[in-house]
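Chains as they are written, first to last, in the UniProt record's numbering: chain A, 1 to 196; chain B, 1 to 196.
Be a bit skeptical, because a hint or two may be false.
No copy is singled out in the list; a pair is fine if it fits within one copy or between any two copies.
Said to hold, decoys possible - Straight-line distance between alpha carbons at most 25 angstroms, and here's what the computed SDA-like set of lysine to any residue pairs gives:
| no. | residue 1 | residue 2 |
| --- | --- | --- |
| 1 | K139 | D160 |
| 2 | K30 | M148 |
| 3 | K139 | H44 |
| 4 | K139 | E102 |
| 5 | K167 | G31 |
| 6 | K55 | M148 |
| 7 | K139 | P88 |
| 8 | K98 | R137 |
| 9 | K139 | P10 |
| 10 | K30 | G74 |
| 11 | K55 | N145 |
| 12 | K72 | Y112 |
| 13 | K139 | G89 |
| 14 | K30 | G153 |
| 15 | K139 | T50 |
Hint data in this document are derived by calculation from the structure and do not stem from the laboratory.
Model, not experiment: these values are computed from the prediction.
There are 2 protein chains.
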Amino acid sequence: MEQQHCGTSPIVGFRFSLHPMSDRFIDIIKGALHETDTSRVWMHTDDVSTVIRGKQPHVFNVAKALTLHAAKTGEHVALSGTFSAGCPGDTEGDVYLKADDELQNTDDRNQYVSSQFALYPMNNPDYMAIIYREVDRAKARGVFNDSMHYASGIHGDIHDVFAFYEKAFTHARSSRFPHLVMTVSMSLNSPSHGGQ
Amino acid sequence: MEQQHCGTSPIVGFRFSLHPMSDRFIDIIKGALHETDTSRVWMHTDDVSTVIRGKQPHVFNVAKALTLHAAKTGEHVALSGTFSAGCPGDTEGDVYLKADDELQNTDDRNQYVSSQFALYPMNNPDYMAIIYREVDRAKARGVFNDSMHYASGIHGDIHDVFAFYEKAFTHARSSRFPHLVMTVSMSLNSPSHGGQ
């Protein structure tokens, strides 16, 4: 939260934690990092979370790839994180905005994801209308699961789920209201998912 | 995100996931729920997260107790969640506002927590000033750890950490701008914490 300019920067960031519910959690996290091409994003890990920053398509691509690689171990894994763009306190540093646009992670295997998200368009008097519009978009795309307090449920194949999240994150911010936050919690290979 | 009134409701909610990085994750979660007195909050669990709602002191008390009980197993556990109040889309349902104020969970054992938080005062033009004020409060209380992109690090004994979070959540909302969101990620018994 450095006190600096920005607001119109194209930097997108994702601060997240990947949680394998397994004694092998270290190996699973390290394995996912090893198998994911993170060369197009800036990345830093501390004792609580990891942050990736860069062009939006690469940020979503890396987030999905890490999740998919962790899930293919078959273990129950969870991803919790916050996508951010346009924060007035953001800095121009730590970005990889000159990377080309070609996505580096192209594993297209299927993986069921149950998730929940919330949109927080900052300093925008019409923010509730924006939230409802993106929930309607989820319904139209067939990934809407359920309404609930403080969030909306999104589920389906991981590629459809991430495609929806990237679309919602694009449409919920504007040049007039550039600061957008989106929280996401995902559950994969949960015993609660039964035959999914 | 039901489309209803509110905004002045005293309901506080916390939607969270508790993630034990252990093959015994189901037993640890069930054990924490069993040992925590949740009688003063409304609670609902689905396949991704759990939500508790009620008077603010009980919501924070239950959140801390669940975390503490899970951590005392010695396993590496993580808590990710979002505190919310004053959402214009909130409903009056599913609340326990008539509960008396006596806190039900009083386990005062010490437990080191490393965590990160972000405040999102909604629809408030002065939101950045509010965020910086609460970060300054963390510094004054001795729980501030580090600055970082999109969040601030808070650490120390679990009781000090939760006391700070409840204080920040109280001070960052007002009758004029009642809708406040606070995300929190906590790590306990992490191998990264070394001798803490």
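We went through each hint and held it up to the structure:
Taking CA atoms no more than 25 angstroms apart as the test, K139 paired with D160 passes inside one copy only; the shortest distance there is 12 angstroms, against 42 angstroms between copies. In the homo-oligomer, the alpha carbons of K30 and M148 lie at most 25 angstroms apart only across protomers (22 angstroms), although the nearest pairing inside one protomer, at 34 angstroms, exceeds that limit. For the homomeric pair K139 and H44, the shortest alpha-carbon distance between copies (23 angstroms) is at most 25 angstroms, but the shortest distance inside one copy (35 angstroms) is not. For a Cα distance limit of 25 angstroms, the shortest separation of K139 from E102 qualifies neither inside one copy, at 29 angstroms, nor across copies, at 43 angstroms.
In the homo-oligomer, the alpha carbons of K167 and G31 never lie at most 25 angstroms apart, since the shortest distance is 28 angstroms inside one protomer and 39 angstroms across protomers. With identical chains, the CA atoms of K55 and M148 are at most 25 angstroms apart between copies only, with a shortest distance of 19 angstroms across copies and 31 angstroms within one. For the identical chains of this complex, K139 and P88 are inter-copy neighbours only, at 21 angstroms across copies versus 32 angstroms inside a copy, given an alpha-carbon limit of 25 angstroms. In this homomeric assembly, K98 and R137 never come within 25 angstroms of each other (Cα to Cα): the closest approach is 31 angstroms inside a single copy and 38 angstroms across copies.
In this assembly of identical chains, the alpha carbons of K139 and P10 never lie at most 25 angstroms apart, being 28 angstroms within a copy and 31 angstroms across copies at closest. Both within a single protomer and between protomers do K30 and G74 lie at most 25 angstroms apart by alpha-carbon distance, with minima of 15 angstroms and 22 angstroms respectively. For a Cα distance limit of 25 angstroms, the shortest separation of K55 from N145 qualifies neither inside one copy, at 29 angstroms, nor across copies, at 29 angstroms. Taking CA atoms no more than 25 angstroms apart as the test, K72 paired with Y112 passes inside one copy only; the shortest distance there is 11 angstroms, against 32 angstroms between copies.
In this assembly of identical chains, K139 and G89 lie within 25 angstroms of each other by CA distance solely across copies; the values are 18 angstroms between and 34 angstroms within a copy. When the C-alpha separation of K30 and G153 is checked against a cutoff of 25 angstroms, the pair qualifies only between copies, where the shortest distance is 23 angstroms, while the shortest distance within a copy is 29 angstroms. Taking CA atoms no more than 25 angstroms apart as the test, K139 paired with T50 passes between copies only; the shortest distance there is 23 angstroms, against 31 angstroms inside one copy.
Hint violations for this structure: numbers 4, 5, 8, 9, 11, all remaining hints satisfied.
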